[in-house]
Each structure stands twice: as structure tokens, then as C-alpha cells.
Amino acid sequence: MDVLARKSLPERVRHAQAWAERQLSRASQLIRSSSVASTPSLREIRNQSGYILSLRISRYVYTCFSSHI
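In my numbering, the protein residues as written are 1071 to 1139.
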């Protein structure tokens, strides 16, 4: 999203989007750091962590946007 489009969004939505982007960045860093893991337990942790983060992001964004629906 470009800067002008982002600035036109309500502040609450901008904060939600920034939070979601930070969470996605953390998740991708976690996945990259554990992608070299060869043990199944670390792969399972990586997959579960990514899934949990995506659920948290979805829930947070839904909470922020539910009042606009």
C-alpha cells in the first residue's frame, strides 16, 4: 500500500495494519530461522507458530474492522 493510500485510512486501521505487518515480519523471520532445522520437532514448532500467528493476526484485524462492517 502506498503512503498516500495509507494516510487516508483511519488511524485505528493504520495501527492495525502496522501491527499485522510486524507480526507477519516476525513470523517470516521465525520461519526462515527454523527452515534449516532437520528435526521433525522443530518443523512442527515452525508450522504451529506460523499458524498461531496467522490466527492472532486474523483475530486482531477482525476486531479492528468489525465496527466498520
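Among the clues, some could well be false.
As the list claims (entries may be wrong) - If you anchor each label on the Cβ, the simulated ranges turn out as follows:
hint	residue 1	residue 2	range
1	S1119	K1077	27 to 35 Å
2	I1101	S1078	28 to 36 Å
3	E1114	K1077	18 to 26 Å
4	E1114	A1088	26 to 34 Å
5	Q1099	Y1130	29 to 37 Å
6	R1084	R1129	17 to 25 Å
7	N1117	S1095	14 to 22 Å
8	S1078	E1114	37 to 45 Å
9	R1084	E1114	33 to 41 Å
10	Q1087	I1122	30 to 38 Å
11	Y1130	S1103	29 to 37 Å
Read the hints as simulated data drawn from the structure, not as lab findings.
In this text, a Cβ means the ideal position worked out from N, Cα and C, and glycines have one as well.
Hints, one by one, checked against the model:
1. A hinted range of 27 to 35 Å for the beta carbons of S1119 and K1077 is consistent with their spacing of about 33 Å.
2. About 32 Å separates the C-beta atoms of I1101 and S1078, a value consistent with the hinted range of 28 to 36 Å.
3. At roughly 41 Å, the beta carbons of E1114 and K1077 sit outside the given window of 18 to 26 Å.
4. For the pair E1114 and A1088, the beta carbons lie near 30 Å from each other, so the given range of 26 to 34 Å is met.
5. Here the CB-CB span from Q1099 to Y1130 is close to 19 Å, at odds with the stated 29 to 37 Å.
6. For R1084 and R1129, the hinted distance range of 17 to 25 Å is satisfied, since their beta carbons lie about 19 Å from each other.
7. Hint check: N1117 to S1095, Cβ distance near 18 Å, so the stated range 14 to 22 Å holds.
8. Between S1078 and E1114 the beta carbons are some 42 Å apart, a value that agrees with the proposed interval 37 to 45 Å.
9. Under the hint 33 to 41 Å, the C-beta atoms of R1084 and E1114, about 35 Å apart, fit the expected range.
10. Between Q1087 and I1122 the CB atoms are about 20 Å apart, so this pair departs from the stated range of 30 to 38 Å.
11. At about 23 Å, the beta-carbon gap between Y1130 and S1103 misses the expected band of 29 to 37 Å.
Checked against the numbered hints listed earlier, the structure breaks hints 3, 5, 10, 11; every other hint is satisfied.
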